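Chemist: Sequence:
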Amino acid sequence: MPLSDPPSPRTKLHRRQITMDGFQREDGLFDIEAHLVDTKSYPFENMDRGTITPGEPLHGMWVRLTVDEAMVIRACEAVSDHTPYDICPQAAPNFAALAGVVIGPGFNRAVKERVGGVMGCTHLREVLAQMATVAHQTIAPVRWRRARLAREAAIAAGEQVAPAPRSLPLGTCLAYAPDSPVVRRHMATGGG
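Per the numbering used here, residue 32 is the first one in the sequence shown, and the count goes up by one each step.
No lab work stands behind these hints, which were simulated from the structure alone. Remember, predicted model here, so these are calculated numbers, not experimental data. Any given hint could be a false lead.
[What the hints assert, rightly or not] So the derived label-pair ranges between C-beta atoms look like this:
1) Val-133 / Phe-54: 16 to 26 angstroms
2) Arg-182 / Arg-216: 14 to 24 angstroms
3) Gln-191 / Thr-220: 13 to 23 angstroms
4) Ile-118 / Arg-179: 45 to 55 angstroms
5) Thr-220 / Ile-118: 50 to 60 angstroms
Note that CB positions come from ideal geometry on N, CA and C, so glycine has one too.
From just these sequences and the hints, can you work out the full model?
Modeler: As structure tokens, then:
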């Protein structure tokens with residue numbers, strides 16, 4: 032569905048594109064990758080790069096989080112292909128310090144502690160919160176599927192199995208309000 036009424040006449044000046052993908056690796060770990068690209072629609076001068084032409088990336092950066100099923104970051108790699116200043120790529124190796132951080136409550140605080148301020152790069156840090164969401168959306172269905180198959184196998188073997196509803200992120204949005212119809216449906220079907 033498009034936004035309401037056509038906008039006022041305007042000229043595009045800036046575009047930020049962020050692409051994120053979640054992968055399951057053969058070794059059982061997961062890679063979450065992000066690619067951020069900023070471009071302008073006009074040429075401008077840059078102290079370190081000279082003239083940056085329309086469509087040429089001002090920022091072009093990659094981040095890969097390798098995460099285990101418990102949502103622990105095993106490794107983080109960052110690369111800055113395009114930056115406004117020659118010094119900027121020196122921040123990318125510092126993101127390896129995220130190894131050991133758990134994606135969950137306190138994640139953004141841990142990122143700030145390890146690669147905040149002058150230790151990191153604003154743009155690389157900005158994508159990490161969204162990467163955490165992509166990690167959940169990549170890994171949670173794998174865990175749910177494995178748990179469902181284990182329950183089905185136990186039931187088929189004649190074992191008594193207690194219902195094992197998955198936890199919902201209650202209170203995080205309108206759909207997951209504790210009194211929402213979505214939550215009521217999940218609870219009624221044991222899928223909550």
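Chemist: Which of the numbered hints are not met once you compare them with the structure shown?
Modeler: none
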